[in-house]
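Trainee: Each chain is listed here by its residues.
Number of protein chains: 2
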Amino acid sequence: MAKSWATFGVDLHVEPTGPGVRRGLTEALREAVRSGRLASGTRLPSSRSLAADLGIARNTVAEAYADLVAEGWLTARQGSGTSVAPGVPPTPFGQWGSPVPAPAATSAPGRPARARPAYDLVPGTPDLSSFPRAAWLKASRRALTVAPSEALDYGDPRGRVELRTALAGYLARARGVRTDPEHIVICSGFVHGLMLLGQVLRGRGLTSLAVESYGLDVHWRLLEAAGLRTVPLGFDELGTRTEELAAGAQGGGALGGVRAVLMTPAHQFPMGASLHPDRRAQVVDWARRGDGLILEDDYDGEFRYDRQPVGALQGLDPEHVVHVGTASKSLAPGLRLGWLVLPPSLAPEVVAAKGGVDWACGVLDQLTLAEFITSGAYDRHVRASRLRYRRRRDALVARLTERAPGVSATGIAAGLHVVLRLPPGTEQATLRAAAWHGLAVHGLDRYRHPESTAERSDALVVGYGTPPDHGWSGALDALCAALPFNGTFHNEGGGGLSHGIELPHE
Amino acid sequence: MAKSWATFGVDLHVEPTGPGVRRGLTEALREAVRSGRLASGTRLPSSRSLAADLGIARNTVAEAYADLVAEGWLTARQGSGTSVAPGVPPTPFGQWGSPVPAPAATSAPGRPARARPAYDLVPGTPDLSSFPRAAWLKASRRALTVAPSEALDYGDPRGRVELRTALAGYLARARGVRTDPEHIVICSGFVHGLMLLGQVLRGRGLTSLAVESYGLDVHWRLLEAAGLRTVPLGFDELGTRTEELAAGAQGGGALGGVRAVLMTPAHQFPMGASLHPDRRAQVVDWARRGDGLILEDDYDGEFRYDRQPVGALQGLDPEHVVHVGTASKSLAPGLRLGWLVLPPSLAPEVVAAKGGVDWACGVLDQLTLAEFITSGAYDRHVRASRLRYRRRRDALVARLTERAPGVSATGIAAGLHVVLRLPPGTEQATLRAAAWHGLAVHGLDRYRHPESTAERSDALVVGYGTPPDHGWSGALDALCAALPFNGTFHNEGGGGLSHGIELPHE
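Residue numbers (the working numbering), protein chains in the order written: chain W, 1 to 506; chain X, 1 to 506.
Here chain W stands alone, though its shape is the one from the complex (with noise of 0.2 Å):
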């Protein structure tokens, strides 16, 4: 039985017991403040007084305003309770949210083609072997079956109607995107997705844009052909320094006169923090001042381990943001298939940069996506991808914890990647250390933008997606035994590193 909570004029139907409560009164706090129900500045009830009307658990309800906060629907302050986020607008779109919030597609940092080697722990690409090959060619057949003959025709520049259609609903459910089929532009993937965006901002004038300490250089490097300038924030240990872009906008430098930046909010790609909740605040502040643009890379949203994935920032202001998504991630960059969620401004130039005609994007694969989306056959894709890499994740850090207890997993739980900070001078040893026991993985440098002034540190940024399941344990092995602190390692301080094997020179 439902009960109803009538506090400031907003009815709050939440079920009291079972499973979904806690996703439920979250979802319908959001729905609240979406609507304008519960307008900006509003103080809540406590967690104890709300807890006591619903007649539910008072964790429940803290859980839910945590969960509000990070998305930056809520704001908490010490001493003054929670409050509804200054600035949040009711939806200027049709209602494509559904009650129940649930894991999301999304784009995804892609990365150079590369021979493999015995174990291959670069980030970036899914278990490939799980792909669902029944299931999608079921999805291809039931597609191609029902399409019209002008299906197969040069298309629409934003792509088929039945795949925008799915992903509006999708994502408002799975990932908060508060979007319409109209203003959703299939692509080949994020990087073309990133091609489109940095054309139009060029043809607006831009000529820099704003983008994180770490990222990668694949698309700064797109970005700059496009004729932008890429200029990276500061980074700490609350994560991008979001602060800057309004110090930028008012006393100039590097950052005067950006106006646009490309981020990762629910989880900086590689450093895995999800974005502060005051910085989310900040950034959306920032581009509401200025007619500021985010462009907010989502690659991997819905592979979150611990909890409710964070929202999307786009849902805090379609107005300024383009949400990115891909299948990259939650199928198969084979596929090369993303989308951009586009403010209402921005949708007539990125069409026209796309072109006439859908010139770009196959339509067999976004009919099959869409019937594999609207089928139910993504959602149960992503809970066992999401099974799947959580506990090849929590192998990793127990793993860890035992053998190489001087070397740290940083970063929430999420995704399908993990960086692994390391003693001060010890990245290019351990990286020769992997190569020589046949482990292609990362060091964090070379995630790090040229020009940035953040603090250099030592990691490994460890990508536990690619290995099929049965080759898990043994890249498991090889990436501690190239570990320091291994048993093997010892580190001696101050940058110098003796190890226990031989090493060969570079």
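Some hints here could point you the wrong way.
Since the list can't tell identical chains apart, any single copy or any two copies may satisfy a pair.
[Said to hold, decoys possible] Straight line, CA to CA, 25 Å or less: simulated SDA-like cross-link-like pairs of lysine to any residue: (1) K138 <-> T374; (2) K138 <-> G257; (3) K138 <-> S375; (4) K138 <-> V397; (5) K138 <-> R403.
For the record, the hints were derived by calculation from the structure and aren't laboratory data.
Based on the hints, put chain X in the right spot on chain W.
Mentor: Same frame as chain W, now just chain X:
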């Protein structure tokens, strides 16, 4: 039993009887030239004496000679018989040819998306209702079942090797293309291929590119967006005046310094002629002398109805011709699959332009098309399509003869469109009449390059691919009703036209 012809030291094995004798002779002669066994300038025996030697009909030899003259392998001069064309080089590639030429897979002009009228005779789209859905799904199942997991990863920027291998074999036997899988690059249809080529040519310092007087403005605009001015070559009753390239190389003017040309040699789009053998020879000679590059848009090469298709220009000089093909006409534009067959010297730049990995083309359709080709399903589909389109073209010509005798269908019996010559000054009025009859059709004027100096002529460009079979007869009726000389229109000469029906004013 095969007879051997050892004149000039050439062993020419030809089955003397059966339906393949002309094909077999043509291919054997082509192979003898290709391999250098018949050197440039060698005079061939008369058709009478070769026929006697081989024990086959004289006509068969004459037809084979004519085919090879049309393709540029041989030259025929009044009074001096038939010789091997000057400058035809031996192949620098591996042997991909097979002894039986067959229908070809190729590239094709696209067109903007639009709402469909009652009858759609705009050229550019095949009959989508005949897309071989069941066979495609079957190929898709087989392809995905056997594909290695790594096929689903970020891949080779050239595209999947399975498809490149299938295409190398197919294009050799169907179009006389000489290449290997290493020098084929898969792209998202012709437009993507042209974008890559434009980028590469601009990167080489080119600032202009010759095009034909008639073509697609979307191609010209793409090239111009890449920084390449398009300069039209003249056009006369023999087709595109390729001799202007050599003259320009010497004389300057707009064509001075032009080092690349985009052409549709097998079936000029939209005019419908195949390039005259002399002009084929001229353009290849120009490219060879000045290190020029010919971009061969082979959009519908497999749809020839009266004889074997003219072989690809690329076969004459793989070092100076980029052969561009597409599945958009043979299967469906929505697949977004095309291919570039590249001179080895150009391939690395195109691969670099496409990116370090294949960001563009989905692997599943690539794997499916590879299976579709190698299983023979592609040949079967092309044969069935050829029959369908040939019947449509025959019906069109017959109906015109009966109902609009003053309108002549021009161009070779090939492809998915025909040009209908109209009395001078009647094109615009005819287009208005067509719209009145619910017919979408284009006038020739929109395909004429704005800087062309070719004599203007009034004509309709009628695509007979698009309507489904059941709609074709009605479309023909509407077309005939819209044409002058249909019994209700009367040309009064001098561009004046009075119509037996009332026309809407524009």
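Trainee: Against each hint, give a clear statement of whether it holds in the structure.
Mentor: Here's how the hints hold up against the structure:
For the homomeric pair K138 and T374, the shortest alpha-carbon distances inside one copy (13 Å) and between copies (23 Å) are both at most 25 Å. Taking the shortest alpha-carbon separations for K138 and G257, neither the intra-copy value of 51 Å nor the inter-copy value of 55 Å comes in at or below 25 Å. For the identical chains of this complex, K138 and S375 are neighbours both inside a copy (11 Å) and across copies (22 Å), given an alpha-carbon limit of 25 Å. Proximity of K138 and V397 under a CA criterion of 25 Å is satisfied in neither setting, with 37 Å inside one chain copy and 44 Å between copies.
Taking CA atoms no more than 25 Å apart as the test, K138 paired with R403 passes in neither setting, with 44 Å inside one copy and 50 Å between copies.
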